[in-house]
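Those sequence lines, one after another, are chains Z and R.
In terms of my numbering, the first sequence opens at residue 1 and continues consecutively.
In terms of my numbering, the second sequence opens at residue 1001 and continues consecutively.
A portion of the hints provided could be inaccurate.
Said to hold, decoys possible - Straight-line alpha carbon distances no greater than 25 Å define the calculated DSS-like cross-link-like pairs of lysine-lysine that follow:
id, chain 1, residue 1, chain 2, residue 2
1, R, K1227, Z, K243
2, R, K1097, Z, K288
3, Z, K109, Z, K186
4, Z, K186, Z, K288
I should point out that these hints are in silico values taken from the structure, not numbers from a laboratory.
Keep in mind that this is a model prediction, so the values were computed, not measured.
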Amino acid sequence: MKSRRGRAALLLLPTWAVLGIFFLVPLVLMLGVSFRQRGVYGGLRPIADLAAYLRSGGFLGNYGRSLEGVYLGIGWRSLWMAVLTTVLCLVISYPVAYAVAVRAPRRWKNLLLGLVVVPFWTSFLIRTYAWMFILRSEGLLNQGLLAAGVIHRPLELLYTPFAVMIGLVYGELPFMILPLYASLEKLDRSLLEAASDLGAGGAGVFRRVTVPLTMPGIVAGVVLVFIPSLGQFVVSDLLGGAKTMLLGNLIQNQYAVARNQPFGAALAFELTAAVLLLLLAYALYMRKRGEEVLL
Amino acid sequence: MIGSRWPRRLLAVHSALVYLFLYLPIAVLVVFSFNAARQTAVWDGLTLDWYRRLLDDEALLGAVRNSLTVASCTTLAATILGTLAALAMGRHQFRGKRPTQALLMLPVVIPEIVLGAALVTFFGVARMRLSLTTVILAHVVFSISYVAIVVRARLAGLDPSLEEAARDLGAGSFDTFRRVTLPLLFPGIVASALLVFTLSIDDYVITSFVAGVGATTLPLHIYSMLKVGVTPEINAVSTLLLAVTVALIVAAQRLLQEKKT
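Construct the complete structure from the given sequences, taking the supplied hints into account.
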């Protein structure tokens, strides 16, 4: 058909327009703002002499500031909490995904999978609130432990890094189980049996056959969990209080409280750059494996 | 078969515990929305008081109205745009397909806080007053991708011989689309619309950046209630929101799983 190319463009035109104007342009604007400085009353300080501003290096001021001790500390904490969340999710999820994809009877599969899909789509806010309700000093866990005589006064569980970790793992778990399930489901079981017939033990089959074959699922799950954990601010705000500030809280603060958009934009751009690098590595990996890049 | 009994039992027990971990907190939250005691987590009898009080909370009802407006507009716009994009991506080869694919993926994978921050900067520069309109625009941006992904997957699963048959029987390409392709795609389109409605009505992070005064949505209202302190009313409103969204998700799943012919 001759008009095919034109038809594709016509179909895509509204999407290109919306995503161009309300996604790409805002990202570019944010990058621009990150090179400016905060004005006296919030907003942006006018640049009187562009050449002098560039020569003085003032345009990199926000990026320089983000490397100061306090902020570096917050960035570091966000990074290791995101890594820990990802590792915990992977270790917890793999056996579950394996059990559902490989071991579960066929008639149970849809139900078990559906039970993971539901929290995948339901409100992160409410799922985080559930933990607030359980962990606070008058909460269910403390009441239970008190009643059982295990403790004599309520433990400080809420507003701790521990609470944040629980919230993060709880929130992100479905995002790890689903991609793992998808790749375990495609696993050819005869390969496992062949390895076993050739004398590999259970652990050997797992390590040398199952894990390498499901690596695309592992990588996809890691990416899907790591990225949102790194930019998280709801969980740390609600379960961590002021004591567990993460990069997400710092960024949100610049916009909502400190009214320092340029600094917030620089931080957000650093986060974006890290995420884009990770996604690029992911896309290259999937292409090399000949898998479809579907996130 | 591989493996002895013990590892298998361990696997089953571990999985059961993980499912318990996923659902117990939600179950607790729901159960305590019916608890008569106000302050403690001790059971003090069944009540519907907290639900009744929600009906008198004018601010809450306003937030619900706002959320329904936003979710309806978002769903309508994103479903149409996303479906058109899925048709282009699934049925046509054209230059710039790869960058378009990336453009469709990015709003989903980029951290929500970045999208919120970038949009509030944009609306500031464009001198658009923050309102329900800016919230809807922001939601449409991240929703198009979900529709495109779901509908395109459905499109890929269609049997091409059905469309060929229609053409062989003399249907033009528009008729083939309207009378064969579209009806077959329809469950996928409806499912993606239900999912977008869910995402929109639940979104907190992006909305918190782009909602102005008077554009408080339900999650924003719940968040401000949480900041004041845990109350049974929050359990009640959370339970209602959960009930609605879970119903939508289950319906969407049903549509996506049913036989594709």
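Open item on the list: Hints numbered earlier in the text: which of these fail when held up against the supplied structure?
Closed with: none
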